[in-house]
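Asks: Sequence lines, in order, name chains A and B.
Under this note's numbering, the letters of the first sequence match residues 1066 to 1165, in that order.
Under this note's numbering, the letters of the second sequence match residues 7 to 136, in that order.
I should point out that these hints are in silico values taken from the structure, not numbers from a laboratory.
Treat the hints with care, as some may be off.
[Stated by the list, open to error] Here's a subset of chain A near chain B, in silico, CB distances under 10 Å, partners left out:
| no. | residue |
| --- | --- |
| 1 | 1071 |
| 2 | 1084 |
| 3 | 1087 |
| 4 | 1097 |
| 5 | 1098 |
| 6 | 1128 |
| 7 | 1145 |
| 8 | 1150 |
| 9 | 1153 |
| 10 | 1155 |
| 11 | 1159 |
| 12 | 1160 |
| 13 | 1162 |
| 14 | 1165 |
The beta-carbon is built from N, C-alpha and C at its ideal position, and this holds for glycine as well.
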Amino acid sequence: MLHTINKSPFEKDSLKTCLRYAEKGSSVLFIEDAVYACTKGTNFEKQITENQENISFYVLGPDLEARGLDNSNLTNNIEIIDYKGFVKLVAENEKTQNWL
Amino acid sequence: MKFGVLINEGPYQHQASDTAYKFIEAAIEEGHEIFRVFFYHDGVNNGTRLATPPQDDRHIPNRWTELAEKHEIDLVLCVAAAQRRGMVDEDEMKRNSKDANNIAGKFRISGLGQLIEAGIQADRMITFGD
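Just chain A, with the same shape it has in the complex (with noise of 0.2 Å):
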């Protein structure tokens, strides 16, 4: 299952909501202000490290940009996608949940 955020963790808890219910083998996808919570040295980096082994963390390349973030301010192993990438993440996945 694919999971996607879309607002900042700073903001709203869904990062902490979604990764509540995110099972064994899913997705996590950052989108829009949510890119924020793969910043490192933030509180969301241990969140999203803990659960590295059970989930795969993807964040959307072109919404980094637009906020001056890239690589070198990522959190480890969170893999950069771009828009083919989302769609390619939402085929395989039989069902997207999307945190609003």
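Add chain B to chain A, keeping to what the hints say.
Replies: Structure of chain B alone, referenced to chain A:
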């Protein structure tokens, strides 16, 4: 693969309408089919034909219409959400005795059943919103 898309946010609000547009564009490029785009809540404001954004900004309602014309995409506004927000087509104008209508060409107004049908007919359903 067939995709159904639900948009719950208006244009120029945050980013949902833009993300949805770019997602749909990429899906078409990858050879997928868009079964329907359903606009709900403030999302119905994407369907106005009276918007005049600054010339150096993207024209979100026109962009939807152009995409729909090019790829024959079904753009549906929820009737209850549209009525609340003054989004009116010619039929609704007559039915509710209004003096004008404001729906852009490729959009149509219909009911929630269209969303349910998209959920049944499409292989994947994805939501963009607040």
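Asks: Of all the hints numbered above, which does this structure not satisfy? Sort the numbers upward.
Replies: 2, 3 and 7
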